[in-house]
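Asker: Below are the chains, spelled out letter by letter.
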Amino acid sequence: MTPLLEFADVYYRYPGQERYALDGLTVAFPGGENIALIGRNGAGKSTLFLHCNGLYRPDTGEVRFGGRPLAYDRKSLKVLRQHIGVVFQNADEQLFSASVAQDISFGPFNLGLTEQEVRRRVQMAAELCEVVEMLERPTHALSGGEKARVALAGVLAMDPDILISDELMANLDPWGRRRIFDIFKRLHRRGKTIVLATHDLNVVRRWATYVVVMAGGRAAFAGSPDDLLANQAVLDETGLAEVWFDEF
Amino acid sequence: MHIIDCYAYSNKIRAVDPAQKAGLAVIVLLLCLVFNHPAVSLLAVAWMWGLAVWQAGLPVLIFGRVLVAELFFLCLATVAVALSISLTAPANPEAWLLPVGPLWISSTPADIYKAANLVLRALGAASAMNFLALTTPLVDLVDLLRRLRFSPILIDLMTVMYRFIFVLLDSLNRMYMAQDSRLGYSSYWRGMSSAGLLGSRLFVDAFQRSRRLQTALDARGYEGGHLQVLPTIYYRSNKLLGMSAAAILSLTAVWLVL
Chain U
1 MTPLLEFADV YYRYPGQERY ALDGLTVAFP GGENIALIGR NGAGKSTLFL HCNGLYRPDT
61 GEVRFGGRPL AYDRKSLKVL RQHIGVVFQN ADEQLFSASV AQDISFGPFN LGLTEQEVRR
121 RVQMAAELCE VVEMLERPTH ALSGGEKARV ALAGVLAMDP DILISDELMA NLDPWGRRRI
181 FDIFKRLHRR GKTIVLATHD LNVVRRWATY VVVMAGGRAA FAGSPDDLLA NQAVLDETGL
241 AEVWFDEF
Chain E
1 MHIIDCYAYS NKIRAVDPAQ KAGLAVIVLL LCLVFNHPAV SLLAVAWMWG LAVWQAGLPV
61 LIFGRVLVAE LFFLCLATVA VALSISLTAP ANPEAWLLPV GPLWISSTPA DIYKAANLVL
121 RALGAASAMN FLALTTPLVD LVDLLRRLRF SPILIDLMTV MYRFIFVLLD SLNRMYMAQD
181 SRLGYSSYWR GMSSAGLLGS RLFVDAFQRS RRLQTALDAR GYEGGHLQVL PTIYYRSNKL
241 LGMSAAAILS LTAVWLVL
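These protein sequences, in sequence, are chains U and E. Residue numbers for the first sequence, in this note's numbering: 1 to 248. Residue numbers for the second sequence, in this note's numbering: 1 to 258.
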């Protein structure tokens, strides 16, 4: 079976920098899985994410979606961004409108849907993310957890196949996180693929069905959580053994 | 959250079509300016205050507090109308005089009346705007401008600026607290230098935020151009419409009679 999303020997360097942020990355993300993406700060996780829906373009190498290499013309990008939703770390920086309903409606309108369909999508996403009672509230009156769910709803209203979440939960308390995982559970049941950047062993053990470990711009490991936890060499090399298992 | 903003979102006529509220406010404002009669202005203040309390369900004192703040500025601004300063004593027998060194500060009943009339006229107009500001959040006003076919680029700018006022205020607040807790404001000069750092840091912060916002918008399929969003559905309040008509008619009637 072809993987849903794959990177083939991708190199990418930020303008004006020596080091490659993606240094020959080759990795595949299978469809329908809960994928945990692990890696230290600077390992290339965010750069990888920004490649997924064509926001960045590889210097060399190829990103493929559904077996086909990404095309970077306007029309292809539009289709791609419908299929691959990315939600970023700081919700405050993604919400541009002071009206929650209006913010969620932005993505669906960009897909060229009719107003009636957009209303339906907004309602659907709001129900999925449990923000229905916030629709008429101003964005700046929401709590951090509520903002994160609204940002998520704004992406899910486009009904993507893959949801990529770049440390969306970094600033949330465990209860706020729990509610995000509730949303992920519903998405998983609908057959969606979720890629989540995380450092949490618990998430890897209890939520993930597939794990990718990034180190130095490459994939150091890709496989099931059990295989990762049994692979002492990788755990030692990537420093994960130290943070997950060493006593304080 | 800012207090005016808070009431704008939570009042009882929030969901009424902003066109209706803005229409009333603009007409009352124009009547105050055109009729230019103290009784009309006072009646306008009473109507707007009354409608804000009775229809929008705002606390009585909120409207008053905003009005008092405006009154303060209006009085300051009209001092120059009420008083005149000259080097020689004015000949007008009605004038009140106050010598200060070589100068004469003087005022006449006519000047006082003129100043008071000006204050009232502005206050009437301001109360109409207060009614609008306290019952209609900015997102609804922007929506109204969109319906009136305002330039889309201006509307998008207003949308994003209004949102980012709160985001930047928030980061300003956090940066200030971080500086203060490291004694950044422990003396006057230290405070000045900290404030300078804060300003430049905030500028950089705003710039980086705008780039990340752009990335996030692109990720949601933004292709440049107009930021299209759902128009809000409002309802028409016949009760408010009736009262608006009554207010406008009574203002006109007072002017005709007096």
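If you are wondering where the hints come from, they were derived from the structure by calculation, not from laboratory data. Worth double-checking, as some hints may not be accurate.
As the list claims (entries may be wrong) - Computed footprint of chain U on chain E, listed as stretches where at least three residues anywhere in the stretch have a Cβ under 8 Å from a Cβ of chain U:
#1 135 to 144
#2 181 to 192
What the hints assert, rightly or not - FRET-style restraints, in silico, Cβ to Cβ:
#3 E:199 - U:11: 33 to 41 Å
#4 U:133 - E:199: 32 to 40 Å
#5 E:165 - U:71: 33 to 41 Å
#6 E:165 - U:11: 21 to 29 Å
#7 E:207 - U:71: 43 to 51 Å
#8 E:153 - U:227: 35 to 43 Å
Stated by the list, open to error - Covered stretches of chain E, going by a simulated chain U footprint (3 or more residues, C-beta under 8 Å):
#9 46 to 60
#10 157 to 163
#11 224 to 238
Just so you know, even glycine gets a beta-carbon here, dropped at the ideal spot from N, CA and C.
Asker: Now, for every hint given, state plainly whether the structure supports it.
Answerer: Hint check:
no. : hint                      : result
1   : 135 to 144                : holds (count 3)
2   : 181 to 192                : violated (count 0)
3   : E:199 - U:11: 33 to 41 Å  : 40 Å, holds
4   : U:133 - E:199: 32 to 40 Å : 38 Å, holds
5   : E:165 - U:71: 33 to 41 Å  : 39 Å, holds
6   : E:165 - U:11: 21 to 29 Å  : 41 Å, violated
7   : E:207 - U:71: 43 to 51 Å  : 31 Å, violated
8   : E:153 - U:227: 35 to 43 Å : 53 Å, violated
9   : 46 to 60                  : violated (count 0)
10  : 157 to 163                : holds (count 4)
11  : 224 to 238                : holds (count 6)
The earlier numbered hints that this structure contradicts are 2, 6, 7, 8 and 9.
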